[in-house]
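First to last, the sequence lines map onto chains A and B. If you count the first sequence from 1, position 39 lands on 39 in this note's numbering, and the numbers rise without skipping. If you count the second sequence from 1, position 134 lands on 134 in this note's numbering, and the numbers rise without skipping.
Be aware that one or more of the hints could be misleading.
[To be verified] With a cut-off of at most 25 Å between alpha-carbon atoms, the simulated DMTMM-like pairs for lysine to aspartate or glutamate come out as follows: (1) A:K67 to B:E133; (2) A:K98 to B:D60; (3) A:K86 to B:E38; (4) A:K86 to B:D58; (5) A:K86 to A:D38; (6) A:K67 to A:D94; (7) A:K67 to B:E129; (8) A:K86 to B:D84.
Just so you know, the hints here were simulated from the structure itself, not pulled from any lab data. Note that the structure is predicted; figures quoted are calculated from it, not measured.
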Amino acid sequence: MDLSSTQSGLYTIITVNALRIDSAAAIQFKDAMRAATDAAAGTVVLDLGNVGFIDSSGLGAVVASMKQLGAGQRLDLAALTPDVAKVFRLTRMDEIFKIHDSLDDLPLAKAG
Amino acid sequence: MTAQVGRPIPVKARGAGLARTSGPAGYHAASFVYDATEDGVRCVLRDMRSWLAGMGLDEDFCGTAEIALAEALNNVAEHAYPGDASGTAQVELRLTPEGCEFDLTDDGRPMPGLSLPAGQLPPMGGRREAQPEGGFGWFMIRTLSDRLTYTRKAGTNHVHMRLPFSRG
C-alpha cells in the first residue's frame with residue numbers, strides 16, 4: 001500500500017495513493033499506516049481523496065490505525081469521495097472521526 | 001497495490017454486453033461467474049458496476065450496489081471458501097422497476113446456523129480502545145436492502161438480495 005506523508009503545520013497528512021481500501025488491501029493498509037504514523041506527532045490527517053471505495057474490512061483497518069496511535073495523537077479524515085463517505089455514514093463511524101471536507105479546511109494547514 | 005485490480009480472472013466472466021439478455025419478465029439481466037477470492041471479488045465488482053452504469057443507473061445507486069455486493073461477496077470468499085479452499089461462485093443481477101435483484105450462489109460451506117448474521121451495528125464505546133473494527137458488513141447489507149433471504153439446498157448457498165431504487 002503506497003502512502004505518502006507530509007507535514008503541514010501541526011498536522012501530519014498521510015495521503016493514500018490507492019483506489020481501494022478493501023478486503024484485499026486492508027492488512028497492507030494497516031501495516032503501512034503503522035509505519036507511517038510511528039514517528040508522527042500530534043494530529044494525523046488521513047487524506048482519502050484518491051480512494052474511491054472502501055469496504056467493511058477497510059473501515060476496520062482505518063479504525064485499527066486510529067487505535068495504533070499514541071495517547072496524545074488523533075486521527076482525522078479528509079476528502080472523502082462519495083462512496084467512502086457513504087460507508088462511514090451508514091456505519092455511523094462519521095461520528096467517531098473528525099472529517100474535513102478537504103485538506104484546505106485544516107485550520108492551521110495553510111499557515112505560511 | 002495500485003493497478004492490481006485488472007488482473008485477469010481465470011474463470012469466464014460474462015458481463016456487460018454479452019449478458020445483456022432479457023430475464024423471464026423481460027427485464028435486463030446479467031450473470032457473472034467469478035473466483036471466490038479477494039481478487040476475484042474485485043473483478044466482479046468492477047464488472048457489475050460498469051454493467052449497472054451502462055444500464056443508465058446513477059453513481060449513487062452504483063455505489064450502493066458496490067458496497068452491498070462487496071460485503072456479500074467478501075463473506076462468500078472468507079466463509080464459504082475459507083483458507084486455501086477455492087471455488088467459483090456466481091452473481092446474477094436483474095433490474096426491475098423497483099430495484100435491482102441479486103442472486104448469489106456458491107457451492108462452499110454453509111452459513112453457520114444456516115442463517116444470515118443479525119447484522120447489528122457493533123457497540124461503539126467512548127474510549128478509543130473500545131471502538132469496533134468489525135461487524136459492519138451485514139449491518140450495511142441489511143440497511144441497504146429491502147429483501148434478503150438465505151437458503152441452502154443441495155450443497156448450494158443462495159443469497160437473494162434486493163436493493164430498491166428509492167430508499168427511506
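Now the hints, each set against the structure:
1. The straight-line distance between the Cα atoms of K67 of chain A and E133 of chain B is roughly 10 Å, inside the 25 Å bound, and the hint therefore holds.
2. A distance of roughly 23 Å separates the Cα atoms of K98 of chain A and D60 of chain B; the hinted pair therefore holds under the 25 Å criterion.
3. Taking the CA atoms of K86 of chain A and E38 of chain B, the gap is about 22 Å. The hint holds against a cut of 25 Å.
4. Taking the CA atoms of K86 of chain A and D58 of chain B, the gap is near 15 Å; set against the 25 Å cutoff, the hint holds.
5. A threshold of 25 Å between alpha carbons decides the hint, and for K86 of chain A with D38 of chain A the separation of about 29 Å lies outside it, so the pair is violated.
6. Under the criterion of a C-alpha separation no larger than 25 Å, the hint pairing K67 of chain A with D94 of chain A is consistent with the structure, at around 16 Å.
7. Taking the CA atoms of K67 of chain A and E129 of chain B, the gap is near 6 Å; set against the 25 Å cutoff, the hint holds.
8. A C-alpha spacing of about 33 Å is found between K86 of chain A and D84 of chain B, which places the hinted pair above 25 Å, so the restraint is violated.
In the structure shown, a violation is registered for the earlier hints numbered 5 and 8, in ascending order.
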